[in-house]
Amino acid sequence: MDNNALIKIDKITKVYNMGMTEVYALREITMDVKRNEYLAIMGPSGSGKTTLMSILGCLDSPTSGQYFLENEEVGSMNDNQLAEIRNKRVGFVFQTFNLMPRANCIKNVELPLIYAGVPQEERIERAIKALESVGLGDRMHHKPPELSGGQRQRVAIARALINNPSLIFADEPTGNLDTKTGEEIMHLFYELWKNGNTIILVTHEEDIARHARRIIKLRDGLIIDDYINQNPIYA
Amino acid sequence: MKLFEIREAFGQAAESIMANRSRSFLASLGVIIGITFVILMGWVLSGLDSAMEDSFKIMGVDVMYVDKHDWAGGKSWKDVRNRPNITLEQANKLIKSLKDIEIAVPVARIWGSQVKYENTTYQGITVQGTTYDFGLTPGGSIEYGRFFSQNEDEYASDVICIGWKVYQTIFPKGDALGKQIKINGQKFTVIGVITQQGTTFFDFIDNICYIPLKSFLKLYGKYNRSYSIAVKAGGIQNLDNARAEVEGNMRIIRNLKPGQQNDFSINETKAFEEQVATIRLVVWSVGIGMTLLSFLVGIIGIVNVMFVSIFERTKEIGIRKALGAKKRIILMQIIMESTILSFFGAVISFILTSLIAYLTATFVVSFVPQVSFLAPLIPFDLLLIASIISIVVGIFAGLIPAIRASNFEPVIAIRYE
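The listed protein sequences correspond, in order, to chains A and B.
Here the first sequence is numbered in my numbering, starting from 1 and rising by one per residue.
Here the second sequence is numbered in my numbering, starting from 1 and rising by one per residue.
Hints in this document: simulated from the structure, not taken from any laboratory.
Be aware that a few hints might be false.
If you want the footprint, here are the derived chain A segments under chain B, 3+ residues with CB under 8 Å [what the hints assert, rightly or not]:
hint, segment
1, 77-88
2, 147-156
Under the rule of at most 25 Å between Cα atoms (straight-line distance), these lysine-lysine pairs were calculated in the BS3-like manner [unchecked claim]:
hint, chain 1, residue 1, chain 2, residue 2
3, B, Lys214, A, Lys107
4, B, Lys257, B, Lys214
5, B, Lys78, B, Lys116
6, A, Lys88, A, Lys129
7, A, Lys143, B, Lys315
8, B, Lys315, A, Lys107
9, B, Lys327, A, Lys88
10, B, Lys96, B, Lys214
11, B, Lys222, A, Lys107
12, B, Lys116, B, Lys93
13, B, Lys327, B, Lys68
14, B, Lys2, A, Lys88
15, B, Lys116, B, Lys187
16, B, Lys315, A, Lys88
17, B, Lys257, B, Lys222
18, A, Lys88, A, Lys107
19, B, Lys93, B, Lys222
Chain B is nowhere near these chain A residues, computed Cβ spacing over 10 Å in every case [what the hints assert, rightly or not]:
hint, residue
20, Phe94
21, Arg102
22, Gln120
Yeah, the Cβ is synthetic: ideal placement off N, Cα and C, and Gly gets one too.
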């Protein structure tokens, strides 16, 4: 095994039981991701890219196959163990932001720290730092409905970063944003990558995927292409 | 379970309740009614108990009455009716024979009599003829004036000691002593007022008027009546001894053969206890039925709202799980919410019942004197019990929705709109 790999998956299969029929979302996928990679998973809807992200992000378990995250087998972990992995090693950024609408930015960002058992003072301190790092230092006490789409996504990114995760997942992070705001968010991801983070981007948009350094294309649950992007945006 | 998890769950739960105030109130309505029943029931029962205790203290727990009849009415009516009367001679014989007691006095009674004073007539009193030493028993304790003396007793003086209710009814202004009242056409001078002894339940005791036994016999005739003997054992520890002596001696006096049943009854203040026990049972069984029913409704109400609440927040729960919330955190958050709902219902019940208790004891009592045994305050231990019940109800009501919510698949829940 390549010990330098952050992620290593071996023959991962995911089957959904839809009543009488079985739907194969992933078919024996094998791949690995190194530290500080900037990877885009591409594919049309139904290709299995979201399923793959869910399994890599420990939101879901594979039907069969092995998944090593930092040399640790997580494919067979129970719910609580997976919750801990999600809490400490993974950060998520979603298309629909998925913020708590009634809580202000600090409360939203500190949420993973609450589940990690970090004391309140430290939580707030770190949440403020994270919000400042995404350029929201002056919006910390606002609630999500009072923010623009781009600002909301920045809150979500701050939340994803708060626990210093090993890798950050971004599921169509610009899907609900206009082009200009989307571009700003993508620039933020670029900076995160530059600072040493590992980023896995899930998208069906070519323009967005072109920010990544490596692109994997899925179709019908299979990897049909895996290549290095020779002309990334923000080179 | 760590402290920060509890604090977090509490905060989330409180926030969720505050965001849906009217729904939360409706959900806890069943619990409000249920807890209100529990508290009111306990309040009435504790009122009964303390009223009974007060009466016993005054009447004396070491006093027994030898009667033809059984107060509790346990024996068959036919048997009792056919018992021979206790004659005055038998009563005096018994009194003379008793050694291991403090005082024993003969008593003759007329029920359902009436007194007249000027233009006032008071119906339903009991005239009791007895000897001067009845004044030494708790039943003859005097509030104003004095009990009649041995002389007055000997010479059949027309003097009377009136019961507390009689006093209050025919002498509303006080000043009863020295006044002349009429019983059965005969004038009596009031020389004493007996201390209040009854409560709502034994108020007939305060309708008793005492006259010297000889005056009684002069007024009503000596024969054809059954006498009672009031016996004060002299301390509750001597009650068993005294009862045994009374029973043994009375059997001899009545010429009963071994194996033959007693043809008299030894009545103790305990007999009242049985009477109150019946009332208790009625209050309790009605109360418990209502309580169980309303708790059932209460639990269903909360379970229902919790289900609505968790499905409404499926996405939120999904996000929390995606960010690392473990099952037990979600579980606790939901249970905390249902528990707060239920406890909140209990708090409303506390306020409600305290108001009811206060108004009953200060306001209603002036219209319905029968409720005077009820205290103006809800006993603290009742509030404690009700709090615990409400918390248990909350935990139970939250359990199933909480398990459901904690088992949401994060990957599905997070995409739920």
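Each hint, compared with the structure:
Coverage of a stretch by a chain is defined here by at least three residues with a beta carbon nearer than 8 Å to that chain's beta carbons; for the segment 77-88 of chain A and chain B the count is 7, and the condition holds. For the segment 147-156 of chain A, the stated coverage by chain B is violated: 0 residues have a C-beta nearer than 8 Å to a C-beta of that chain, whereas at least 3 were required. Proximity of B:Lys214 to A:Lys107 is assessed by CA-CA distance (about 92 Å); at most 25 Å being required, the pair is judged violated. For the hint pairing B:Lys257 with B:Lys214, the CA-to-CA distance comes to about 33 Å; that exceeds 25 Å, so the pair is violated.
Restraint check: the Cα-Cα separation between B:Lys78 and B:Lys116 comes to about 36 Å, which exceeds 25 Å; the hinted pair is violated. Between A:Lys88 and A:Lys129 the alpha-carbon distance is near 18 Å, which keeps this suggested pair within the 25 Å criterion. As the CA atoms of A:Lys143 and B:Lys315 are separated by approximately 18 Å, the hinted pair is consistent with the 25 Å bound. Distance check on the hinted pair: B:Lys315 and A:Lys107 sit about 17 Å apart at the alpha-carbon level, within 25 Å; holds.
This hinted pair checks out: B:Lys327 and A:Lys88 have alpha carbons roughly 16 Å apart, not beyond 25 Å. In summary, the hint linking B:Lys96 to B:Lys214 is supported, as the alpha carbons are separated by about 18 Å, within the 25 Å threshold. Restraint check: the Cα-Cα separation between B:Lys222 and A:Lys107 comes to about 94 Å, which exceeds 25 Å; the hinted pair is violated. Between B:Lys116 and B:Lys93, the direct Cα distance comes to roughly 36 Å. Violation of the 25 Å bound is thereby established for this hinted pair.
Under the criterion of a C-alpha separation no larger than 25 Å, the hint pairing B:Lys327 with B:Lys68 is inconsistent with the structure, at around 73 Å. Between B:Lys2 and A:Lys88 the CA atoms are separated by roughly 18 Å; this keeps the pair inside 25 Å, and the hint holds. With a C-alpha separation of about 9 Å, the suggested pair B:Lys116 and B:Lys187 falls inside the 25 Å cut-off, and the hint holds. Our distance criterion of 25 Å between C-alpha atoms is met by B:Lys315 and A:Lys88, whose separation comes to about 21 Å.
A distance of roughly 28 Å separates the Cα atoms of B:Lys257 and B:Lys222; the hinted pair therefore is violated under the 25 Å criterion. At most 25 Å may separate the alpha-carbon atoms for a hinted pair to count; A:Lys88 and A:Lys107 meet this at roughly 18 Å. At most 25 Å may separate the alpha-carbon atoms for a hinted pair to count; B:Lys93 and B:Lys222 meet this at roughly 16 Å. With a cut of 10 Å on Cβ distances, A:Phe94 falls inside the contact zone with chain B, its closest approach being about 7 Å.
Not every Cβ of chain B is farther than 10 Å from the Cβ of A:Arg102; the closest lies at roughly 7 Å, contradicting the non-interface assignment. With a minimum CB-CB distance of about 8 Å to chain B, A:Gln120 fails to clear the 10 Å threshold, and the non-interface call is violated.
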